[in-house]
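**Student:** As a plain string of letters, each chain reads:
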Amino acid sequence: MDFLNPVINGFAVVLEPMNLLYCLIGVVIGMLIGVLPGLGPAATIAILLPLTYNVEPVTAIIMLAGIFYGAQYGGTITSVLLRLPGEASSVVTVFDGYQMAKQGRAGTALGLASIGSFIGGTAAIIGLTFLAPIVASFALDFGPAEYTALALLGILLVATISSGSKTKALIAAALGLLLATVGRDIFTGENRFTFGSLELADGIDFVPIAMGIFGLGEIMYNLEERHRAAKAPSAVANVWPSRSDLKQASGAIGRGSVLGFFLGILPGGGATIASMASYAMEKKRAKQPERFGKGAPEGVAGPETANNAAATSSFIPLLTLGIPANATMALMFGALLIQGVTPGPQLVEQDPGLFWGVVNSMYIGNILLLIMSLPLVGIFVKILRVRAAILAPITALITLLGAYTINNSMFDVTLVVVFGIVGYLMKKFGFEPGPLVLAFVLGSLLESSLRRALLVFGGDPLGFFSRPISATLLIVFVLVAALPGIRSALAKRKTTVPAQTAATEIKEKV
Amino acid sequence: MSPVQAASPVSGGGNSSSTVSSAGNGTNDLPLAEPDDLTPEQLAAQWEEEKPPAAGALANVGSSLVVIGVGIGAVVLSIAMGLGTPAAPQPGLWPFLISCVMVVLGLFQLIIGRHNRDAEKFTRMSVAPLTGLVTLAAMVALMPVAGFELPALVLCIIWMRFLGGETWRSTLVVSAVVVAAFYGIFVMALNTSIPHLF
Chain A
356 MDFLNPVING
366 FAVVLEPMNL
376 LYCLIGVVIG
386 MLIGVLPGLG
396 PAATIAILLP
406 LTYNVEPVTA
416 IIMLAGIFYG
426 AQYGGTITSV
436 LLRLPGEASS
446 VVTVFDGYQM
456 AKQGRAGTAL
466 GLASIGSFIG
476 GTAAIIGLTF
486 LAPIVASFAL
496 DFGPAEYTAL
506 ALLGILLVAT
516 ISSGSKTKAL
526 IAAALGLLLA
536 TVGRDIFTGE
546 NRFTFGSLEL
556 ADGIDFVPIA
566 MGIFGLGEIM
576 YNLEERHRAA
586 KAPSAVANVW
596 PSRSDLKQAS
606 GAIGRGSVLG
616 FFLGILPGGG
626 ATIASMASYA
636 MEKKRAKQPE
646 RFGKGAPEGV
656 AGPETANNAA
666 ATSSFIPLLT
676 LGIPANATMA
686 LMFGALLIQG
696 VTPGPQLVEQ
706 DPGLFWGVVN
716 SMYIGNILLL
726 IMSLPLVGIF
736 VKILRVRAAI
746 LAPITALITL
756 LGAYTINNSM
766 FDVTLVVVFG
776 IVGYLMKKFG
786 FEPGPLVLAF
796 VLGSLLESSL
806 RRALLVFGGD
816 PLGFFSRPIS
826 ATLLIVFVLV
836 AALPGIRSAL
846 AKRKTTVPAQ
856 TAATEIKEKV
Chain B
3 MSPVQAASPV
13 SGGGNSSSTV
23 SSAGNGTNDL
33 PLAEPDDLTP
43 EQLAAQWEEE
53 KPPAAGALAN
63 VGSSLVVIGV
73 GIGAVVLSIA
83 MGLGTPAAPQ
93 PGLWPFLISC
103 VMVVLGLFQL
113 IIGRHNRDAE
123 KFTRMSVAPL
133 TGLVTLAAMV
143 ALMPVAGFEL
153 PALVLCIIWM
163 RFLGGETWRS
173 TLVVSAVVVA
183 AFYGIFVMAL
193 NTSIPHLF
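If you read the sequences in order, they're chains A and B. So the first sequence is numbered by my numbering: it starts at 356 and just counts up by one. So the second sequence is numbered by my numbering: it starts at 3 and just counts up by one.
Don't read these hints as lab results, they were simulated from the structure. Just so it is clear, the structure is predicted and the values come from calculations on it, not from any experiment. Hints may be right or wrong, so weigh each one.
What the hints assert, rightly or not - Partial list, computed: chain B residues near chain A (C-beta under 10 Å): (1) Thr87; (2) Ala89; (3) Trp96; (4) Phe110; (5) Asn118; (6) Pro131; (7) Met141; (8) Ala182; (9) Ala183.
By construction, the Cβ of each residue, glycine as well, lies at the ideal position given by its N, Cα and C atoms.
Construct the entire structure; sequences and hints are all you get.
**Tutor:** This is the structure we're talking about:
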């Protein structure tokens, strides 16, 4: 029972009033931003990073995690009621959820989605509880060579799996790595790219970059009148699904939990991909696939379960390997670093309070969310009446004033605005901001691991292939990098390429 | 940013959902009825249409050249810092590697990305973010001199009235409340050192 002791102690951490309060704040904020189209969870987390400075690391991460998985619950509401996905991960819910609402079964759709989300989330926490320590103990032997390979692979996967142009995503990642080198070189102490500025000598902080590129960039992008005001529907009745509905959806919920859990662990995976994969799988498995798109309960339950399971399990690579699997996890990574905690395989052993506190807080968070999305759903539906025009200046001001409070300096505020412009232009020109922030976060780890590994290998880059794990990871890296080229070459040979059906292009909302 | 650009024209859907529900399940059988009855494919196509117009090849050339320019600049600066050898690297080696990758990717994008349609055109709508940016920059410039309250109030008014199309009444009321709330939170409650006038 030695294994379970720290798990149980983790509950003691969660039940501290402060942590419970922040868990509640986190899930309420998550639910709100999920309901409101516009800001995504990553942008919200970025904007609220200054809030985490004055609290304990575990409290901070509990709140940020709550925002992340809370948004998965909230995004469903607008998908079902208004055919407006609040989150990217709820886009496929629109197809059947809205049809169900049209048939007068909006309550059933929402109820199924929240029950599915709850089951998916809880199953993923249990999976996380058992899998994470195993992964962490496996990774304890990782040396600099393995970390180099792992970080490279992580960045590459996130860049290639993102929607849109892969080259542009890789360019964004390269820019992120380059920005991470600004400041004093850790090995020689020499200044790099500081252009004589004293403020830049310590490097660029993660928080202004994240707040600017994710937060302000997105606020400015949204100013281009992308959301017409949506009229809030009057009321949602009967959110408790009937027994037959539950029975019909139970298979989808079970499959969605498993699928979402595993897709969430993969770098570059995450909630959006999990929900799309689950929808595709349910449609394929169904005896009457033509019901899909016309209000099939499985089409709501499956994806909503999967996106929650994935949101939870994407904490595994972060907390056990120290490698964020997506942009939101990169923000968590940054938040932990600010607190002086380096996520990695030692975390479970050295800081069990933090590790299990965060993991177990998700049980509480999911229960809170279930309460909010079943009996209290009416309140959140009313929030849809708040207009984007009023929210935009408020979020912009929170960002600016929040940025000031980090170091009480106007320099940070200026940086936020500058990176806000960069983030806006990147979005405008089709560059995903996610890979940039992720690469920035991993940049110094990658450089120092690479240089340490090269010292060990006496400067021979082939040394990476002399260790089994790093060799495997690098071979996967090469395969992933070469895959698009091979595929397009094959496609060219086959001249009869079937016309691509209108693919649902869904951008990972950051 | 919402993945799906904006509401559909039928986003009065909120209303129709209630009307339809009263009509019962009958609507389900109507063949090709209202625009509400879209298959996922049609819906996706509709979302695609509502996206802002795609920018042309020029945008791709421009952004690729910026990338190549930044990359070359970084290459030059990295070489100036000294490269060293893999066994004994100088500070410039790692930035040199990244910036080389960046130049290559930029060239690749310049040639391959000609027909990509993922960039957005700047339209008349783009005046809004520009205005937003100007107000943000003005606020950053004025905050140390005039405190945050008045610039924040002006920013709120501009964003709500001119960018958001709120009525004057709600603009003024909400702006005043927002600034007062920020004053309460950041100055009175949290006691931060944000420059303030009052």
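**Student:** Taking the hints in turn, state whether each one holds.
**Tutor:** Right, here's what the structure says about each hint:
1. Thr87: Because about 6 Å separates Thr87/B from the closest Cβ in chain A, which is inside the 10 Å limit, the hint holds.
2. Ala89: The hint holds - Ala89/B has a Cβ within 10 Å of chain A, the shortest such distance being about 3 Å.
3. Trp96: holds, 5 Å
4. Phe110: holds, 6 Å
5. Asn118: This hint holds: Asn118/B lies near chain A, its Cβ roughly 5 Å from the closest one there, short of 10 Å.
6. Pro131: holds, 4 Å
7. Met141: The hint holds - Met141/B has a Cβ within 10 Å of chain A, the shortest such distance being about 7 Å.
8. Ala182: With a minimum Cβ separation of about 12 Å from chain A (threshold 10 Å), the hint on Ala182/B is violated.
9. Ala183: Cβ of Ala183/B sits 9 Å from chain A, so the hint holds.
Checked against the numbered hints above, the structure violates only hint 8.
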